[in-house]
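Chains as they are written, first to last, in numbering that gives the first Met the number 0: chain A, 0 to 360; chain B, 0 to 284.
Errors might be hidden in some of the hints.
These stretches of chain A come out as covered by chain B in the derived footprint (C-beta under 8 Å, 3 or more residues) [what the hints assert, rightly or not]:
| hint | segment |
| --- | --- |
| 1 | 210-219 |
| 2 | 223-229 |
A short list of chain A residues far from chain B (calculated; beta carbon distances all over 12 Å) [stated by the list, open to error]:
| hint | residue |
| --- | --- |
| 3 | Val31 |
| 4 | Met179 |
| 5 | Ser182 |
To be clear, the hints were calculated from the coordinates, so they are not data collected in a lab. Since the structure is predicted, the reported quantities are computational estimates derived from the model, not experimental observations. Beta carbons: idealized from backbone N, C-alpha and C, even for Gly.
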Amino acid sequence: MKRMTKKNRANFLTYGGVILAYLLIRVYDGTVGLSSMIQGLLVPICAYVTMALALNLVVGVSGELSLGHAGFMSVGAFSGTAAAIALQNAIPLAPLRLAVAMAIGAAFAALAGFLIGIPVLRLNGDYLAIVTLAFGEIIKSVFNNLYVGLDAKGFHFSFLNDTVSSRLGAGGKLLIGGPMGISGIKIISSFTAGIILVLLTLVIIFNLVNSRAGRAIMAARDNRIAAESVGVNVTKYKMMAFVTSAALAGAAGGLYTMSLSTVVANKFDFNTSILILVFVVLGGMGNMWGSILSASFLTLLPELLRKFNLDQYRMLVYAIVLIIVMVVTNSPFLQQLVENVTGRFKKEAPAEAEEGGEGNG
Amino acid sequence: MADRVQRRPATKLVPVPSTNKIPERDVDKTPILECRHLGIDFGGLTAVNEFNMAIGRTEIAGLIGPNGAGKTTVFNLLTKVYQPTRGTILLDGLDTHSMNSVQVNRAGIARTFQNIRLFGNLSVEDNVKVGLHNQVRYGMFQGVCRLPGYWRGERVAHERAMELLSIFDMQDLADHQAGSLPYGAQRRLEIVRALATNPSLLLLDEPAAGMNPSETAELMDNIVKIRDTFHIAVLLIEHDMSLVMGICEGICVLNFGEIIAKGTPEEIKNDPQVIEAYLGKKREV
Ligand SMILES: Nc1ncnc2c1ncn2[C@@H]1O[C@H](COP(=O)(O)OP(=O)(O)OP(=O)(O)O)[C@@H](O)[C@H]1O
Ligand SMILES: [Mg+2]
Chain A
0 MKRMTKKNRA NFLTYGGVIL AYLLIRVYDG TVGLSSMIQG LLVPICAYVT MALALNLVVG
60 VSGELSLGHA GFMSVGAFSG TAAAIALQNA IPLAPLRLAV AMAIGAAFAA LAGFLIGIPV
120 LRLNGDYLAI VTLAFGEIIK SVFNNLYVGL DAKGFHFSFL NDTVSSRLGA GGKLLIGGPM
180 GISGIKIISS FTAGIILVLL TLVIIFNLVN SRAGRAIMAA RDNRIAAESV GVNVTKYKMM
240 AFVTSAALAG AAGGLYTMSL STVVANKFDF NTSILILVFV VLGGMGNMWG SILSASFLTL
300 LPELLRKFNL DQYRMLVYAI VLIIVMVVTN SPFLQQLVEN VTGRFKKEAP AEAEEGGEGN
360 G
Chain B
0 MADRVQRRPA TKLVPVPSTN KIPERDVDKT PILECRHLGI DFGGLTAVNE FNMAIGRTEI
60 AGLIGPNGAG KTTVFNLLTK VYQPTRGTIL LDGLDTHSMN SVQVNRAGIA RTFQNIRLFG
120 NLSVEDNVKV GLHNQVRYGM FQGVCRLPGY WRGERVAHER AMELLSIFDM QDLADHQAGS
180 LPYGAQRRLE IVRALATNPS LLLLDEPAAG MNPSETAELM DNIVKIRDTF HIAVLLIEHD
240 MSLVMGICEG ICVLNFGEII AKGTPEEIKN DPQVIEAYLG KKREV
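One chain only, chain A, in its complex shape:
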């Protein structure tokens, strides 16, 4: 089908770009060799790219604003990593354990998204921004005060005070230690796993957008009253986009923390949420490859500056780069260029069509 190929060309270019980047980095690493600094950034970049894509599904595709996406990342990170530690003996195969842990993280984050969505998404307005903002802060406090341990008798929980450590039996371990977070994490995340997550995220988002559900989500974004007038249950489809996004953010959180040896709740704060939003806005709302580029570049930038001893100018350069990127992405010439390449130019209406009448009402 010629029509389908044309419509999906941009999507396949995006998949291809990600795979090509992966191969190039692998080849470069094998021949020249990457510095350990860059190597340490590969998994975080994949995690932030996934975060940006997930947030873009909410902001760009469903038209809602979330100011607490780091909260979902946090839920996924803590539940996924705790699960990985708990499953250490049950699943010896590291990649499988990683996959299971990320799935568990995604499930918990999806549940959190669902619980937030129930009261908020039936409302029309900016309520989601306010509630997710609060959610991000609440989740941070919760994980700062939560103690979870595991021994032969099962899970032990306590809140505010660590009564778990004393109750743990022989061979038991403290999974989550309040403000100390999770420590002694086995590093099982890998660049390959990260790229697989990014590709999976892209497939989910692109396939969702080009389906019945995706059209309903975008219709509700463009005009809520009209969407309801043609029988689209707006709350349901906004929920679908939001929960999917939360689940992807949870998986990204799991991937991210399992590349570190320790993680604390304060890592996923309001600044992180805003950083992810900056990736999305910079890359263009609803523009997935834009999110990939901006998230990768802006995660690399501070480290590159450090490398070239421009550390003290870091924030200055960061700001200048933001401004340049915004100017460039808004340049009509470059937009045209990109649209020509991806074949996604919006056709103008035929000239023979009539002139517009005066708007009414």
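Starting from the structure of chain A, add chain B with the ligands where the hints point.
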């Protein structure tokens, strides 16, 4: 002021003597739509009051009246954009009291909007496909995993969308962005999108607004064609009298939220109250 949200009292189904002229072929059939004592207040303002009307199953009916008479408000009541303060709406004999906009559409009412409300960033074809949302169904999982249900559903949706677009010869515009269409085409697309929901009653709010006379004539033909091919009822609001008098079988005139006249085009044309509402009271010399 009693700003408290009041629950609408349960309405008694008192039959209302309908003075509508229902077309002969629809006599003896239950009307597709019947409004009884329908009314709504916005704060202190009574926008619509004692609105009684019945529409036959394949009737083309008109709702006219001066600006601000409450015509669009009637549409908003029928489609539950607003909940009525008073009265009953019977769709095919079924009380829509507890329904919301989505459920009313599924029950069979589709509409267009006076101020166009298209999905501006979607393509023309996708706008129609959103209209087919409840006609061609498959789950989110089928879509994300591209299971056979997805391919089957998309093929049927594409065929149906093209078929519907062909009513107005708009197949060539299928890939265009809806928001970039000229005004007249946007109005036609709204009609196609409404038809895609497979309604039994189509509400058109000023379908000819901003169209030139030749386009209006074409639109008139198409409205009749739609009624004849889909066998549905059409209720339209229009200021263009040539269109209303040309195709409507029954007309209802609204002024200040109240019905001031009902009847055939001939009767409406000669009704002194209607003439007064439109042209003002004749000054006594
Ligand atoms: N949501 C609302 N809140 C308050 N008043 C409203 C609301 N909607 C409509 N009205 C009022 O109800 C009255 C009827 O408005 P409506 O839009 O139904 O008129 P109309 O007959 O469609 O007029 P037009 O021909 O200009 O489209 C107007 O006085 C309007 O100001
Ligand atoms: Mg109106």
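Q. Are all beta-carbon distances from Ser182 of chain A to chain B longer than 12 Å?
A. holds (37 Å)
Q: Compute the least Cβ-Cβ separation between Met179 of chain A and chain B, then decide whether it is above 12 Å.
A: holds (39 Å)
Q.
Under 8 Å between beta-carbons, do enough residues of the segment 210-219 of chain A, three at least, approach chain B for the coverage claim to hold?
A. Per the Cβ count (8), the hint holds.
Q: With a C-beta cutoff of 8 Å, work out whether three or more residues of the segment 223-229 of chain A approach chain B closely enough for the coverage to hold.
A: holds (count 6)
**Q.** Status of the stated non-contact between Val31 of chain A and chain B (beta carbon gap over 12 Å)
**A.** The assertion about Val31 of chain A holds, with a minimum of 39 Å to chain B.
Every hint from the earlier list agrees with this structure, and none is contradicted.
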